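Put chain B on the given structure of chain A with help from the hints.
Each chain is listed here by its residues.
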Amino acid sequence: MPKVLMKGNEAFGEGAIRAGCRCTFAYPITPQSELTHFLARRLPEIGGVFVQAESEVSAINMVYGAAAAGARVLTSTSSPGISLMQEGLSYIAGARLPCVVVNVMRGGPGLGNIAPAQGDYWQAVKGGGHGDYRLIVLAPASVPEIIALMELAFDLADKYRNPVMVVGDGVLGQMMEPVELESGEIRTAPEKPWATTGQGDRPQRNVINSLHIVPEDNERFNLDQAAVFAEIRRREQRSEEYRTEDAELVLMAFGTVARVAKAAVDRARARGIRAGLIRPITLWPFPDESVRRAAAQAQQFLVVEMNLGQMLEDVRLSVNGKRPVHFYGRPGGTVPTVREILDEVSRIMG
Amino acid sequence: MLTTVGGFFYPNKRVNVFVGPLGSGKTELAINTALVLAEQGLVTLVDLDIINPHYRVRLVKTELAGRDVEVVCPPDELLQADVPALTPAILGVLSRDDQRGVFDVGGDDIGAVVLGSFRPYLPAGQYAIYFVVNTCRPHFTTAADIHRMIDRIERAVRVGVDYLVSNTNIGLETEPATVIEGRRILDVVARERGIPVAFTGVRSGIAETVQELDAGTPVFPLRLFMRPPWEKWG
Numbered sequence: 338m339p340k341v342l343m344k345g346n347e348a349f350g351e352g353a354i355r356a357g358c359r360c361t362f363a364y365p366i367t368p369q370s371e372l373t374h375f376l377a378r379r380l381p382e383i384g385g386v387f388v389q390a391e392s393e394v395s396a397i398n399m400v401y402g403a404a405a406a407g408a409r410v411l412t413s414t415s416s417p418g419i420s421l422m423q424e425g426l427s428y429i430a431g432a433r434l435p436c437v438v439v440n441v442m443r444g445g446p447g448l449g450n451i452a453p454a455q456g457d458y459w460q461a462v463k464g465g466g467h468g469d470y471r472l473i474v475l476a477p478a479s480v481p482e483i484i485a486l487m488e489l490a491f492d493l494a495d496k497y498r499n500p501v502m503v504v505g506d507g508v509l510g511q512m513m514e515p516v517e518l519e520s521g522e523i524r525t526a527p528e529k530p531w532a533t534t535g536q537g538d539r540p541q542r543n544v545i546n547s548l549h550i551v552p553e554d555n556e557r558f559n560l561d562q563a564a565v566f567a568e569i570r571r572r573e574q575r576s577e578e579y580r581t582e583d584a585e586l587v588l589m590a591f592g593t594v595a596r597v598a599k600a601a602v603d604r605a606r607a608r609g610i611r612a613g614l615i616r617p618i619t620l621w622p623f624p625d626e627s628v629r630r631a632a633a634q635a636q637q638f639l640v641v642e643m644n645l646g647q648m649l650e651d652v653r654l655s656v657n658g659k660r661p662v663h664f665y666g667r668p669g670g671t672v673p674t675v676r677e678i679l680d681e682v683s684r685i686m687g
Numbered sequence: 155m156l157t158t159v160g161g162f163f164y165p166n167k168r169v170n171v172f173v174g175p176l177g178s179g180k181t182e183l184a185i186n187t188a189l190v191l192a193e194q195g196l197v198t199l200v201d202l203d204i205i206n207p208h209y210r211v212r213l214v215k216t217e218l219a220g221r222d223v224e225v226v227c228p229p230d231e232l233l234q235a236d237v238p239a240l241t242p243a244i245l246g247v248l249s250r251d252d253q254r255g256v257f258d259v260g261g262d263d264i265g266a267v268v269l270g271s272f273r274p275y276l277p278a279g280q281y282a283i284y285f286v287v288n289t290c291r292p293h294f295t296t297a298a299d300i301h302r303m304i305d306r307i308e309r310a311v312r313v314g315v316d317y318l319v320s321n322t323n324i325g326l327e328t329e330p331a332t333v334i335e336g337r338r339i340l341d342v343v344a345r346e347r348g349i350p351v352a353f354t355g356v357r358s359g360i361a362e363t364v365q366e367l368d369a370g371t372p373v374f375p376l377r378l379f380m381r382p383p384w385e386k387w388g
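Here the protein sequences come in this chain order: A and B.
In our numbering, each residue carries its 1-based index in the first sequence increased by 337.
In our numbering, each residue carries its 1-based index in the second sequence increased by 154.
A hint or two may mislead.
[Claimed, not checked] Which residues of chain B face chain A? A partial, calculated answer using Cβ under 7 Å: (1) Gly177; (2) Asp236; (3) Arg291; (4) Pro292; (5) His301; (6) Ala310; (7) Gly325; (8) Glu327; (9) Gln365; (10) Phe379; (11) Pro382; (12) Pro383; (13) Trp387.
[Stated by the list, open to error] Away from chain A, derived, C-beta distances all over 12 Å, residues of chain B: (14) Leu196; (15) Ser271; (16) Phe294.
Note that these hints are calculated values from the structure, not bench results.
Here the structure is a predicted model, which means the values were calculated and not measured.
We put the CB at the ideal spot given by N, CA and C, even for glycine.
The shape of chain B in the complex, shown without the other chains:
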């Protein structure tokens, strides 16, 4: 399930699917996973987010194209459309053994409904569903809150979550202690639910510190892509 590169950990199934509450960081995790997998050859990154109008994978389509990541999303003229447009290429990624894919699913159970429609096509034994949690998000600060959303998403997809991903952060100001605190909450959920925490997502600047402080925790360093317009140049 995980591959180690330079001491850090990355998801590595043929099909890696990220689900979770709105604003938990699924898109950043999906982009970063695709980029790591692309070091071993072409990867397809599927933008399955039909509920979030702005911060979606499709925003960085051109940037990723030069790095062996092909983004599957609606055609250019519908990129900003407020419609749940899904292309036939999505089925191709799921059904062809020679393709590797990363799926970024929309937030909450509402966003996960789309994944439910692809449930019959999820390739047995070749995929993993990762449930991403940021315990700094309002209303997802306790184990009980997290259990409730996992239940709702599992009902929407009609498939069980395989792994939890700890992605606790408050953006660029995140301190290592915040990350570790979030991981502790997720450990409780993992124990109560009997599914493992796959790894902890951490912005790259503090990934090494987190790994040192929280020995034994697999850490996935993240480069952040969904930045507001004033943090970009052109």
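Bound conformation, chain A alone:
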């Protein structure tokens, strides 16, 4: 197949289509609007449905309905829209429904701005809605990886009956990179005997909700979910390691910043500093195994983010006080430069 030059936001849409998603409900917001624009055009062409909802609250509840009916379903928005969706996300998690939510993050808090940011890490991995639930959170760092992780997102959502969030930012969403689209099969959703598709031959109708009125029943539900979360933690951690074999200083960054950090690692190596990079691909489950392994050898860690230090807490928990963990961040819609990260590396390594 010849390569095409694709925008990140288009790749989120293309990945969803290749994963067999035929339903998208969304409300446009910068810097992800190309995604909704792309799917609004593409989905009807292939027999799918795109509905521009009247708000993000409405979009996430349409997702709830389609997911309950067994569809592979997507919604996409940017930071303030994700805040609006929190109630729906908690309901979807409480109803054990698979769906995929894209967050192309922008500068916050509040209305903030449309510039690239990573200020929604806590909201994504610690939950922004109420109750004990978890989102599986994936963080691509290139346009081809967006497509691959969107396919994975739908598979994980169905496998664990849990919502999955895929996070990017304006740089990743707007940039263009060559992509080789493998020809071949479009995936389909697995059988979902629990879905509300009409009673049919079933002895009893399927009911989907998140209501457990008796506290002990709800406790049992939560404990069952805890076992699912433990299995996800055990089986689904993903990360990329770059030049970590002999690294004395391990940088940690995800998404866009990881690519800037990677360039800084190369520059540091050219100056004789043994630096490496761990790039979490799953933000939840956090790849603490890789971090623990690295901590056995690396002397220090440097976390770089486009926020005031959010993933930093998970790195510190994984390192568990064994090594110093430093931080460099640019909040509010600013991107750290190669020079800034290299300066920080040089300062730490004296």
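This is chain B only, laid out in the frame that chain A set:
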């Protein structure tokens, strides 16, 4: 319409306007055109892109200022605003005969609507509208796709496209064969539509090879400005 410098070709109207599908390379072409024209004196580069929040001419405003290219865009405090801010300076470029301008218009017909609002002020006989195409972009790989978007943009601007620009690429990995393949598709559009392909935009590293392989094709070598943060230093 075209000027030759060192064997390569450049657009050279008093007002050069780049329109086309989202992500076809209008911004890179506009910047490069402005830089070439600036070798003969001050040029105004108008950022008319109100739909793309990041990769816009305004990003390189300071860099271009030192090279006789004045960028017209919203004031600094609104550079990153999600509003369609247009300044009065745009009309100045269109109406004053002593000014030379390059217009970078936002993508698709949605982006071109803004240009439509300036249609009464386009200086007759002194401007050209270039429709930029990259056939490696999804959904713009066939002549039929390209015709459809030209129709939509002409309806939005209410003015006809004067020239096609072949800008087929996949970024820094582009091979000459890809460029030539894209040009062939555009030749078909040109024949069917009765408007010429003005030139082929090619990243500077392979411009000479393309010109050799595809003799007779005017080639415009491009230096790329819209680079991601990890390819920059500070």
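Hint check:
1. Gly177: Holds. Min distance 6 Å.
2. Asp236: holds, 5 Å
3. Arg291: With a minimum Cβ separation of about 6 Å from chain A (threshold 7 Å), the hint on arginine 291 (chain B) holds.
4. Pro292: Proline 292 (chain B) check passes; min Cβ-Cβ to chain A is 5 Å, inside 7 Å.
5. His301: Not OK, violated: histidine 301 (chain B) not within 7 Å of chain A, min 17 Å.
6. Ala310: It is violated, given that the least Cβ distance between alanine 310 (chain B) and chain A is near 15 Å, above 7 Å.
7. Gly325: holds, 6 Å
8. Glu327: holds, 6 Å
9. Gln365: violated, 22 Å
10. Phe379: violated, 13 Å
11. Pro382: Holds: closest Cβ of chain A sits about 5 Å from proline 382 (chain B), inside 7 Å.
12. Pro383: holds, 5 Å
13. Trp387: holds, 5 Å
14. Leu196: holds, 30 Å
15. Ser271: holds, 21 Å
16. Phe294: Its Cβ does come within 12 Å of chain A, the nearest being 10 Å, so this is violated.
In the structure shown, a violation is registered for the earlier hints numbered 5, 6, 9, 10, 16, in ascending order.
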